[in-house]
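Colleague: So you can see what is in the structure, the chains are spelled out below.
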Amino acid sequence: MVTCEDKLVERAARGDTEAFRHLWDAHHAVAMAAAFRLCHHHALAEEITQGAFLLAWRGLPRFQIGSPFRPWLMRILYRHGIDVMEKQRTYQRPISLDEAIEVEKQPGSEQLDLQEQVSQREEIRQALAKLKPDQRRVIALRYGADLTEVDIAHVLGWPIGTVKSRLKRARDHLRLLLMDERENRDE
Amino acid sequence: MNEWQPVKRGEQEHPGVDERLSAYYGPALREQPLPFSAWQGLRSRLKSQNSPHLRLHWRLRGRHFRQQKVVPHFIESAFTRIAFEARFPRTSSMLACAYKPRLRQPQVRVILLAKRKIRLKLPMDPAALEPAELDVLLATGLARYLHMRRPAYAIKRFLGYSLLLLVWAVVVWWFWHPLMPRFVLPIAIMLYIALYAIVLWQLHKHARHMALQADTLMVLWLGRGYVCRGLHALEKRSHNSSRRRWGELSLAERIAHVCGTEAPMQHERLTLVR
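These protein sequence lines are chains D and H, in that order.
Heads up: the first sequence begins at 1 in the working numbering, then just goes up one per residue.
Heads up: the second sequence begins at 188 in the working numbering, then just goes up one per residue.
Since the hints were derived computationally from the structure, they do not count as laboratory data.
Since the structure is predicted, the reported quantities are computational estimates derived from the model, not experimental observations.
Built from N, CA and C at the ideal position, the CB exists for glycine as well.
Some hints could be false.
To be verified - Distance windows between CB atoms, simulated:
#1 H:D312 <-> D:K168: 26 to 34 Å
#2 D:A26 <-> H:S264: 24 to 32 Å
#3 D:K168 <-> H:G228: 38 to 46 Å
Stated by the list, open to error - Below, simulated DSBU-like cross-link-like pairs (lysine-lysine); rule was C-alpha separation at most 35 Å, straight line:
#4 D:K132 <-> H:K308
#5 H:K287 <-> D:K130
#6 D:K164 <-> H:K343
#7 D:K87 <-> D:K130
#8 D:K132 <-> H:K302
#9 D:K164 <-> H:K304
#10 H:K308 <-> D:K164
#11 H:K423 <-> D:K168
#12 D:K168 <-> H:K287
#13 H:K308 <-> D:K7
#14 D:K87 <-> H:K343
#15 H:K343 <-> D:K132
#16 H:K287 <-> H:K423
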């Protein structure tokens, strides 16, 4: 069954920017929310969202008409997002107060003491910065995008066993790093 | 993968880490609509990047188009600066860039007989390369080019390849000559294979020796610390820094040579002034 969205995709694949604008209107807000949750930075999230749509536009001729557009777009977004974050070394940058306020403004986020929230997030950020890039990728997709191991394997193009082992190693490493951090603080 | 399945939080092995990571990323957010200007910005990029006409053009002209035409300005200017340091006068149209989407580690090759002698293989976003990385790549290309066009290097390689061709011609002639006894032929082929292996090995060693000399020259131009920084940045991108191709040095060998060994005094003096 050919849906309205399929027609839009077909037209966009032929170079129709107006059809692509309809796809943008329908999906960009969800994509932006996902990107913002991953990187916690509004400008970077906007850049990731635009980049993902640009990649989608380029890849439209290879898109299989009939399959749903959003999961395909989100797969591009997640892959692009974590690449951009690694390239821009977002984990190396300390979390600013403005950024924390921006995250806290989002509906659903817990209203903790702001300073406490920043220090907790900063601890995790520092621990994440010490992981290997591939470990950070699986952590971001698992916790920042709530993907299952199977979906992570689809997004990153890795075998499922590799995803599982990297995720396990990343968690073990993180636990050690966070314990060290706590001991250092107690001393 | 048609639908995204949310993760069941109860099945985790590391409750402390899980909770803290979940808190770090926070819950799923509500939709975040962007202003119309975001679409306008994207639309201008769509038009410049991927009109059907341009797509067809790229497909028709293929690799040649990608290699010859697109050398970003910042790469050209970095190369001019290095060429100035090297006192090498002619820099125009020496570079060619090829962009590979999944390339992790940028590479450089020198082809003496081509119009554009120094060929860079770069990731799709070359602006993300660190300046030291880019300078090391360009200086490697230029230093190797200068070494490769020296008569001693060119003659040795010419002789090596000529020898291989000559012996091959003798074996073929032997095969077709009616007076030659047939039982000698297998021995001749064995000898040819042995000789082939020896000559190839010599050519490989020769190319590696040249690459080492080129690295030394690059250190003179850019300074040891800067070259080390660039090589280490390249190493970070590499899956396996000790892997080496035929006639090439591995990154680990280059780092050991440049960063891990002491330079002769006169070289050190030159590098310290930078």
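Colleague: Does each hint fit the structure? Answer for all of them.
Modeller: Tested hints:
Our hint of 26 to 34 Å for D312 (chain H) and K168 (chain D) holds, since their Cβ atoms are close to 32 Å apart. Look at A26 (chain D) against S264 (chain H): about 43 Å separates their beta carbons, and that is not inside 24 to 32 Å. Taking 38 to 46 Å as the suggested C-beta distance range, the pair K168 (chain D) and G228 (chain H) conforms, at roughly 41 Å. With a C-alpha separation of about 25 Å, the suggested pairing of K132 (chain D) with K308 (chain H) holds against the 35 Å cut-off.
Between K287 (chain H) and K130 (chain D) the CA atoms are separated by roughly 29 Å; this keeps the pair inside 35 Å, and the hint holds. About 53 Å separates the Cα atoms of K164 (chain D) and K343 (chain H), which puts this hinted pair outside 35 Å; it is violated. At roughly 15 Å between alpha-carbon atoms, K87 (chain D) and K130 (chain D) fall within 35 Å of each other, so this suggested pair holds. The hinted pair formed by K132 (chain D) and K302 (chain H) fails the criterion: a straight-line CA distance of about 41 Å is larger than 35 Å.
At most 35 Å may separate the alpha-carbon atoms for a hinted pair to count; K164 (chain D) and K304 (chain H) exceed this at roughly 46 Å. Only pairs whose Cα atoms come within 35 Å are accepted, and K308 (chain H) paired with K164 (chain D) is accepted, the gap being roughly 33 Å. For the proposed pair K423 (chain H) and K168 (chain D), the alpha carbon gap of about 23 Å is at most 35 Å, so the pair holds. Distance restraint check for K168 (chain D) and K287 (chain H): the Cα-Cα separation of roughly 32 Å lies within the 35 Å cut-off, and the hinted pair is therefore satisfied.
With a C-alpha separation of about 38 Å, the suggested pairing of K308 (chain H) with K7 (chain D) is violated against the 35 Å cut-off. As the CA atoms of K87 (chain D) and K343 (chain H) are separated by approximately 43 Å, the hinted pair breaks the 35 Å bound. A threshold of 35 Å between alpha carbons decides the hint, and for K343 (chain H) with K132 (chain D) the separation of about 45 Å lies outside it, so the pair is violated. For the proposed pair K287 (chain H) and K423 (chain H), the alpha carbon gap of about 18 Å is at most 35 Å, so the pair holds.
When each numbered hint is compared with the structure, violations occur for hints 2, 6, 8, 9, 13, 14, 15.
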